[in-house]
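Fit chain P to the given chain G structure using the hints.
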Amino acid sequence: MGNKKLVDYGKFGYIFSIPFILAFLVFSLYPILYTFYIGFTDFAGMAATIKDSKVLWSEPFKNFISVFKSNLFRKSFGNTVVIWIMNFIPQMGLALLLTAWFTDRRSKVKGQGIFKILFYMPNIITAATVAVLFTQIFGYPSGPINTTLLKLGLTEKGINFVLTPWRIKGVVAFIQFWQWYGYTMVILISGVIGIDPAIFEAADLDGANRVQTFFLVTLPCIRTVMLYTLVTSLIGGLNMFDIPSLYARDQGDSGGYTVNMYIKDVAFTGKQRYNLAAAASIIMFIIIVALSLVLFYIMRDKDEAKLKKLKKQALKAAKAKKAY
Amino acid sequence: MANKNSLHKESVGLKIVIYVVCVILAILSLMPFIIMFTNATRSTAEIQSSAISLYSAHPIQNLTNNWKVFNGKSFDPATGFVNSLIVSTCTTILAIYFSCLTSYALFAYEWKFRDAFFGLIVGIMMIPGTVTMIGFYQAAYQVHMTNKLALLIIPAIASPNMVFFMRQYLQASLSMEIVDSGRMDGAGEFMIFNRIVLPLMKPAIATQCIFTFVGSWNNLFLPQILLTKKEKYTLPIEVALLNSDIYQTEYGSIYLGLSLTVIPLLVIYILLSRYIVEGVALGGVKG
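These protein sequence lines are chains G and P, in that order. Position in the first sequence (from 1) plus 89 gives the number in the working numbering. Position in the second sequence (from 1) plus 1311 gives the number in the working numbering.
By construction, these hints were calculated from the structure, which means they are not laboratory data. Owing to the predicted nature of the structure, the values given are computational and were not obtained by experimental measurement. There are no misleading hints in this set.
Short, incomplete list of chain G residues facing chain P, as computed with Cβ under 10 Å:
#1 Ser106
#2 Leu122
#3 Phe204
#4 Met210
#5 Pro211
#6 Asn212
#7 Gln225
#8 Phe357
We put the CB at the ideal spot given by N, CA and C, even for glycine.
Looking at chain G on its own, in the form it has when it is part of the complex (with noise of 0.2 Å):
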């Protein structure tokens, strides 16, 4: 038994994890240092072969440059951030409401479970059959929200939904909020779920109204959560491309044309630049990998602090023993 036996174990670490190494150079890290490969090249072109084309040494980031001057990929750029601060100030909001109110402790309210399933609902349903069911859904003239907004009164010709770039981002940021709101409540209520109930009978104790609990307790203990929900949200957000590219495509101005777009649009159609739209997916990647970062130090941040004080007890515990 023992120590010579625990040493051969060791190697099954190495051989079960294969199969996910060999996976991820292939088909991870060799596409990424390909992508950054071809960003620093002249490949474009649809004859072209990245044989015949060469590196760009006498000024290497040249396609950088062109990527930042364009003007489309600006637009797509300033579009995607905007969409995505449309949708998720709202779904913060909203989802926090729900949070406080299906958490209180004081009242429960009834049908949470049924409430919760139908809210999620949309997350599950393909963006792609959300965003043609919504085209036909904002249609204009004689689409359901017009049918029922001529009814009411509330217009006289109807609302052509896709006019405008910021009509176009309303519905396409209202259609986002609508897929993920339910998401993050879930989500949210979980970091509720996990706060020390003992927390919260202190707030008690001390006299706390439900909205000073919810505000000076609740929402400190799961800032974590909120921070994680906010980077993972804006990591998706950057990505966006499944609504936006079939909801009113090429109308209203491009006003919901999004950088994941832009990027398909420049390497598939036209000139295909592969190169163009290379060097547009490194910049997004390292904007990706800068947010990851921040959420990797945030996760880490909250465990090391736990282990801190962890050490620290153990020390006055020690302390405390030699004292006796």
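Same frame as chain G, but now just chain P:
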């Protein structure tokens, strides 16, 4: 006394507000699907005269008519369904099995690069495949692997999100004593993993199964780039076709086509909704 009464009133008022808001949101979740299903059984003329109504003069006849209209055009839900089913099922199986295996390697064994490997997994967790798509496509193109469904499936062997989730689960629920007792009985390490550890991971596997399947089923970006042949299209690509000009005014058949793509997901959701919502709470993070 008076104070208590007013408090009581206040909370009744709040309750009314809560229920009103929740019911409105519930309607908001359901309404688009109700409109979709009812309009699938209505004729285009009926929809044009009133797009939001439960009335259909000849529901069955309209339904078959709508079916005929889209069947004559490029939208082919059957092919999309089969392809999506192949991709999603295989993706789920590969992702689950190899993620469990990798997480077990991280949990059960002491090896030199373990912490570094785990750090790598956490580091790459958030990076979406879409940002490296250009390199992925070009590499695939050079080895003539575009239009192969396998290329959407095999990368699932390395699913960092799921490895992370499974490792957390193992740490919370598996004790090494069980593994050691298996070793005492003379079982090999691989056997222990397949026969003892995998069955113990069933609850985690169940939630991850749902999310992986649904995620793969709904994926549009990568398939749309890799798959150019009609017979390889997955369901979301087929759905995207419904938005094209040839269906412009065929409202009834658009609604019917959408209904067909939603029904499988709704059935899964109705059957498993409790587990799905619990799974999200456990950290079944999609992105």
